[in-house]
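Q: Given next are the chains, with one letter for each unit.
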Amino acid sequence: MFKIFVTVLFLLAAANPVLANDTLEISLQPDPANPPSPQMGDWLKFHSKIENHSSNDAHGVVAWISLIQVDPGKEQPVDLEDWSAHKAVTRSVLPVAQQVGVEWPMRLIQAGSYRVVISAVDRETAHVMTSPFIGFQVRQMPVVESGRILPVAFGVPSLLLILIIWRRYRHRGIFG
Amino acid sequence: MLIEIQGLKLDLDGKSVLRDVNLTMEKGQIYGLLGPNGAGKSSNISLITGLRQPTAGLIRVLGLDPAKESLGLHRRIGVLAEQAGFYDWMAAVAYMHWFARLYGIQLSAKEISLALDQVGLDAGNQSAISSYSRGMLQRLGLARALLHRPELLILDEPTNGLDPRGRRDIHDVLLDLANNHNVGILLCTHLLDDVDRLCSRIGIIAQGHTVLEGSLADLLGIRAAAQRYRLRVTANAVPAILPSEITLLSQSGNWWHVEIAGNARPEEAWRVLFDTDFPVEEIHREGGGLEDLYLSVTQVDREAK
Amino acid sequence: MTNPIILIARKESGELLLSGRGITWLLALSIVMSVLSLLLVSNTELSLLDNASVVYMVMGTVTALGSLLAVVLGTDAIAGERERGSLWPLLLAPVTPSQIVLGKMGGQTAGWIVMYLLSLPYVWAVGSSGQNLAQAVIYLALFATPVVLGFGFFCIGLSARVHHVRTALLTGLITLMLLASPLLLGPSLRQSGIGKLFDAVNPFSAALNTFDSVVIDSQTLAVQSSRLVVTLVWLVTTALFAMRSMRKIKI
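Chains as they are written, first to last, in our numbering: chain A, -12 to 163; chain L, 96 to 400; chain B, 95 to 345.
These are computed hints drawn from the structure, not numbers from a lab.
The C-beta atom is built at its ideal place from N, Cα and C for all residues, glycine as well.
Mixed in with the good hints, there may be bad ones.
[Stated by the list, open to error] With a straight-line cut-off of 25 Å between C-alpha atoms, the simulated DSS-like cross-links for lysine-lysine are:
#1 A:Lys32 / A:Lys74
#2 L:Lys122 / L:Lys163
#3 L:Lys163 / L:Lys205
#4 L:Lys163 / B:Lys342
#5 A:Lys36 / A:Lys74
#6 L:Lys205 / L:Lys110
#7 B:Lys342 / L:Lys104
#8 B:Lys342 / L:Lys110
#9 A:Lys74 / A:Lys61
#10 A:Lys74 / B:Lys290
#11 A:Lys32 / A:Lys61
[What the hints assert, rightly or not] Covered by chain A, per the in silico footprint, the following chain B stretches (three or more residues, Cβ under 8 Å):
#12 118 to 125
#13 215 to 221
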């Protein structure tokens, strides 16, 4: 199912620049400040422009960002919940020849190969319009060092246990 | 006057707990407050100590209104409740130090040691209070109640859990406080022997009201109409030589049952008997004492309900 | 002469650190923290969670466990002493009910400080290789403190009003579960109208949302002001409840 979805999305993106009957033209560019070799925890930003290049106003425009993991054997759409709070934009009307610029920031949560693409629909057009996709690779980063947590996880309860044993053998006259 | 209570009334959650309690107590007096379980003794103590406010009636303790001047009152009274609880993880010395400081007193180690010694506890014992026996806890509670040298001591069953020697020790401490230090002691107890030995005045509460109050001697005098005794006499005793105040009721070997007439004072009758060199070895009172008095007045009150 | 409030607070904190009951509670809480941290570490090695999320979860757990400890200590503060018979000597000492309750509150504060200090190694262990560790330590102190102490004060008030520890404990735990439900419910369930309203007035949600905002989204204190107000209102309200309840204490 995921593979079909990814394939459809790629087919749509591959048909770029624009289908003949698309009302909206969508561009997508990475931010120049994006790290060249990002790793988990880094922030990336993408800029897109959605332009009405038809002869009529576009009504009820909704554009959204999709992220797809394309690692062999792990192909799947990514739930953006942890990646970004900026998942979609809407415009009630996009007049003829007008454009709207959108920034899409995201935090890189998981290592892997990804494609990002912006899709849009309006009320008059019967199909999804997409931007070209941009691919990027996220490097693995050791997130939590188990070398730290193990001494703490065993050390703190052990210290308290020692305290319990110690208090059995000492005088309790602390208020004297 | 240490305590003055007149017509005291207390309602709790719509129920009448106390309805007519009267009590008067002087300095240096040991007052026995008696009554069956649930009679209202603890409620009475909560009013005397200012923990509760009475619904009606007059109450003055050390000249203060307990409910309105409780802080001043608490500095001058010492209380040992029946179910006295302790911070059982502390040692006794630390516990005494802590309470002393709560009363604004800085006691030296020697003073703490003396206070514990007074009730028969060893200040050198550093074990936690949780390891104490019931008797040791009673003694510690008494030591705590005494540490700020109160003018009035309120004790609820202070000799509970003590062995006979421990009871006697506590009696001696209380008598010393009353006789030599002029401390008033309000003693709530079920042990009539304690009352008999210690108290000069008693009050009996039943069903939330005072059924009897007065000096022990007077109250027992009132009840003296039928004072019966058991005498153990030697073999050569002859009934005919008994003084006129004493009537022989029955005879069983060396044991004689006798009665002293209601209008005669027992101590006078015995003096006459001894003056005649009557060969008596033991005298036991049978009924007619505090126990009889207590049972009869609480029974009358129960039947009246 | 030592202030009675300080004396009572010292006694309360001494009970936590020196009595078997108190240390056992701390030991139990530290074991929970250890198990949770180890589970989170094994989770993050699969890259399902990033460092900041783990720190956020640890902060939420510390707040919940601190609140649990506060509920236990708070319900024991008056009702427990009453059941053990040690309340009478305290009430009959020359101290006011307000001094007693303030001393008990001091004991609660000491308990939370101990719990907070115990949690710091865990926060450091899971968060030292990532972002916003310092913020995590500061905001945990700033926001968890009023939430945790509020639960403690609330339960002190409860324990003054009821006769038995069990009744107070049950009521305290139900309140804690209700207010801490955002920790258990997913974010989507909190997006409904009622969920949003509950989040807006719930001090526990305010603390959790702040931790999320600060540690995961790197937002500033200015963004958290309304949430800070919610937690402080909770703290003040529960403190007043405790003081008022102590004046109506059941003997």
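Q: Confirm or reject each hint.
A: Status of the hints after comparison with the structure:
For a cut-off of 25 Å, the pair hint linking Lys32 of chain A to Lys74 of chain A stands: about 13 Å separates their Cα positions. Distance hint between Lys122 of chain L and Lys163 of chain L is fulfilled; the C-alpha atoms sit about 22 Å from each other, no more than 25 Å. A distance of roughly 36 Å separates the Cα atoms of Lys163 of chain L and Lys205 of chain L; the hinted pair therefore is violated under the 25 Å criterion. About 15 Å separates the Cα atoms of Lys163 of chain L and Lys342 of chain B, which keeps this hinted pair within 25 Å; it holds.
A distance of roughly 15 Å separates the Cα atoms of Lys36 of chain A and Lys74 of chain A; the hinted pair therefore holds under the 25 Å criterion. About 49 Å separates the Cα atoms of Lys205 of chain L and Lys110 of chain L, which puts this hinted pair outside 25 Å; it is violated. Taken as a hint, the Lys342 of chain B and Lys104 of chain L pair is honoured in the structure, with Cα atoms around 20 Å apart against an allowance of 25 Å. Among the hinted pairs, Lys342 of chain B with Lys110 of chain L is consistent with the structure: their alpha-carbon atoms are about 18 Å apart, no more than 25 Å.
Distance restraint check for Lys74 of chain A and Lys61 of chain A: the Cα-Cα separation of roughly 22 Å lies within the 25 Å cut-off, and the hinted pair is therefore satisfied. Distance hint between Lys74 of chain A and Lys290 of chain B is fulfilled; the C-alpha atoms sit about 20 Å from each other, no more than 25 Å. Proposed proximity of Lys32 of chain A and Lys61 of chain A is supported: the alpha carbons are some 24 Å apart, at most 25 Å. Coverage of a stretch by a chain is defined here by at least three residues with a beta carbon nearer than 8 Å to that chain's beta carbons; for the stretch 118 to 125 of chain B and chain A the count is 5, and the condition holds.
Counting residues of the stretch 215 to 221 of chain B whose beta carbon lies closer than 8 Å to any beta carbon of chain A gives 5, which reaches the threshold of three, so the coverage claim holds.
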